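Chemist: Chain by chain, the residues:
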Amino acid sequence: MQNDEDFFGRQLPLRGAPANGAVGQRALRTVGERRQCQRCGQWLAVTDRLANGDWYCRQCLQLGRLTSQHELYTIPEPNRFARVKSGGLTWTGQLSAQQDVAAQAVLRHVKTRTDHLLWAVTGAGKTEIVYPALAWALAQGWRVAWTSPRVDVCLELAPRLRQAFGGVAQALLYGGQADPYAYCPLTICTTHQLLRFKAAFDLIVVDEVDAFPLATSPMLQRAIANAQKPQGCHLLLTATPGNDLQQQVRRHQLAVTYVPLRYHGHLLPQIDLRLAWRWREGLLRNRLPSALIHQLRGYLAKHQRFLLFVPHVVDLPVISQALQLAGIQGGVTVHAADPDRPTKVQAMRDETIPFLITTTILERGVTFPNIAVVILGGDDPVFSTAALVQIAGRVGRSADFPSGQVTCYCHSHTKRVRLARGMIAHLNLQGRRQGGRP
Amino acid sequence: MSACVWCGRQLQATLTLAQIWRFAPIAQATVCDTCQHRFAAITSQHCPACGRQQIDETVCLDCQRWSGRPLTNHAVYVYDVAMKAYMQQYKFQGDYALRVLMQAPLAAALQRETYDVLVPIPVDQTTWRTRGFNQVTGWLRNQPFQQALLVRATHKERPQSAKARADRLRTPQPFTLAPNASQILHGQRVLLLDDVYTTGRTLRHAADQIYLGGAKAVTSLTLAR
Ligand SMILES: [Zn+2]
Ligand SMILES: [Zn+2]
Ligand SMILES: [Zn+2]
Chain A
1 MQNDEDFFGR QLPLRGAPAN GAVGQRALRT VGERRQCQRC GQWLAVTDRL ANGDWYCRQC
61 LQLGRLTSQH ELYTIPEPNR FARVKSGGLT WTGQLSAQQD VAAQAVLRHV KTRTDHLLWA
121 VTGAGKTEIV YPALAWALAQ GWRVAWTSPR VDVCLELAPR LRQAFGGVAQ ALLYGGQADP
181 YAYCPLTICT THQLLRFKAA FDLIVVDEVD AFPLATSPML QRAIANAQKP QGCHLLLTAT
241 PGNDLQQQVR RHQLAVTYVP LRYHGHLLPQ IDLRLAWRWR EGLLRNRLPS ALIHQLRGYL
301 AKHQRFLLFV PHVVDLPVIS QALQLAGIQG GVTVHAADPD RPTKVQAMRD ETIPFLITTT
361 ILERGVTFPN IAVVILGGDD PVFSTAALVQ IAGRVGRSAD FPSGQVTCYC HSHTKRVRLA
421 RGMIAHLNLQ GRRQGGRP
Chain B
1 MSACVWCGRQ LQATLTLAQI WRFAPIAQAT VCDTCQHRFA AITSQHCPAC GRQQIDETVC
61 LDCQRWSGRP LTNHAVYVYD VAMKAYMQQY KFQGDYALRV LMQAPLAAAL QRETYDVLVP
121 IPVDQTTWRT RGFNQVTGWL RNQPFQQALL VRATHKERPQ SAKARADRLR TPQPFTLAPN
181 ASQILHGQRV LLLDDVYTTG RTLRHAADQI YLGGAKAVTS LTLAR
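Top line first, the protein sequences correspond to chains A and B. Counting from 1, one number per residue, gives the positions in the first sequence under this note's numbering. Counting from 1, one number per residue, gives the positions in the second sequence under this note's numbering.
If you are wondering where the hints come from, they were derived from the structure by calculation, not from laboratory data. The reader is advised that the hints may include incorrect statements.
Here are some, though not all, of the chain A residues that point toward chain B, as calculated from beta-carbon distances under 7 Å [said to hold, decoys possible]: (1) L50; (2) N52; (3) D54; (4) R65; (5) G232.
Residues of chain A placed beyond 12 Å of chain B at every Cβ, according to the derived structure [said to hold, decoys possible]: (6) A45; (7) A51; (8) L61; (9) Q62; (10) Y258; (11) A336; (12) D338.
Since the model is a prediction, treat every value here as computed from it, not as a measurement. Don't be surprised by glycine CBs; every beta carbon is placed ideally from N, CA and C.
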């Protein structure tokens, strides 16, 4: 059985019309000789056809297959929510003076339904900065989505928002979950899940807007545009906007609020560049750059814990072995597909191991107090400008240890590393104007 | 450039000179090396009755429990995590394009079999309408086959995959013979083709009907065991 509520602002695929008067349109629209999926916007290939003659969309298959037998049914979003005082905000924390300035700017833009970028350095507390605007929007009876291309971001965010907005019903949506759908004022979801919506949200908060694969996926960008009401607006959150967004900001096509300082008021650590000419050739003979060895031995002697970032998963065992040979022992390697990843990260948190050797996966979301960061091969293309800034942002997160070293060993100076240093310098310039301390 | 049909990775298309000369369209359905090698082929050390991968070549316990007319089954791949993931996307999510992954290995396996008539296990009318294809015939390229079996109209059941073994073994005969089946089957050596051999119940039901149709021998081949 389908409730009316299930159709509010959504597009549900059915093979026959439901009883509730929802309006349907063909799931696959024929334009001349071609067919376009009306859920994900992608064009079908001539081979995307079943044996019985029906067509189907392969691009959004993970959300349940759409065929030429399906129609997408919707009921226009009625915002049928009980008004809750102060938007259900139960958060009792305090914004810093700097955070409050940014929060008021975000609120102003949301009130005037203006698209807006909140460019906040890692550790600025960007989630809390959005709370006043979110509370206002929910108090108006707006329907709001908080979305991220990354499921781990959604999973981490959902309990925080449930705590901070205890007075408002919330739904968490991501691929492969068991919970049934619920019609709620606040929806936290992966960007893929927005494909199931149509003109539903008055406000969409896009968290980690620069994260893969959103920046390069027209399908996901379209998902956000379609899920937003025509008169709605979106708020983009990021620490490291890509070139497109930076360009829109420079051309004044997109309003921006900077939060160049971390919540503790200190500047970002700059990346210290060191040349390590032909380090890969050395590694073939189990040798690491002597400057690196010297630095890491120093860290171990001082009990300074550190993260060593390397370009590829295949580099992990080789570099680990070379470190062992150089007497730098006790660390553990970890990567994205490592089944023991949670235990290893926890061991690092518990300070039972002195260092982690890792690929880029730890770049976001993971914080260790008083940590140093070393990147070996920062000129490898796997380290984008954004990734380098994010990695540098691992350092100095905690108020007790607001500074620390970020060292990047490269075979050559590359544009990406230069741009990353440039972005940090730019943010620190803004930060100094606001009274930031090194 | 084209992409791997399963993992989506871009493939370096190797154009043959003939293709360039004839401006022939490059076959769209392509599979990358990694995806083609995800599956574990069953070695010679398998159960001689059902084709299950083992460490020796003795008849397995499941097969010893079967009474009645024996049925010899061969299987191409182990039904492991990779194969389950494949079947999930191909059969249950209905990604018909993935049929190409198995066309070449299955063609090779059919080459090794001795038979006169190939009979794929059919799907019922509802499945044909909703899934839109028979997952078994999707793996055939141009090998001739005969639809000698039909699914009984009254046969409305939970899917096999949702049942426990004991339930499956009690499943009543789901098949009937197609109207022209006797002409096709009489005196022939028939090879049944199915996707996964789990208990062997479905294939034995099918074999019973094929014998009724006058076949002189029935064996079977499945993609996975
Ligand atoms: Zn689609
Ligand atoms: Zn592949
Ligand atoms: Zn056996």
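Chemist: Take the hints in turn and mark each one as holding or not.
Modeler: Here is how each hint holds up against the structure:
| no. | hint | in the structure |
| --- | --- | --- |
| 1 | L50 | holds (3 Å) |
| 2 | N52 | holds (5 Å) |
| 3 | D54 | holds (5 Å) |
| 4 | R65 | holds (5 Å) |
| 5 | G232 | violated (32 Å) |
| 6 | A45 | violated (7 Å) |
| 7 | A51 | violated (4 Å) |
| 8 | L61 | violated (6 Å) |
| 9 | Q62 | violated (8 Å) |
| 10 | Y258 | holds (37 Å) |
| 11 | A336 | holds (16 Å) |
| 12 | D338 | holds (17 Å) |
Hints 5, 6, 7, 8 and 9 from the earlier list are contradicted by this structure; the remaining hints agree with it.
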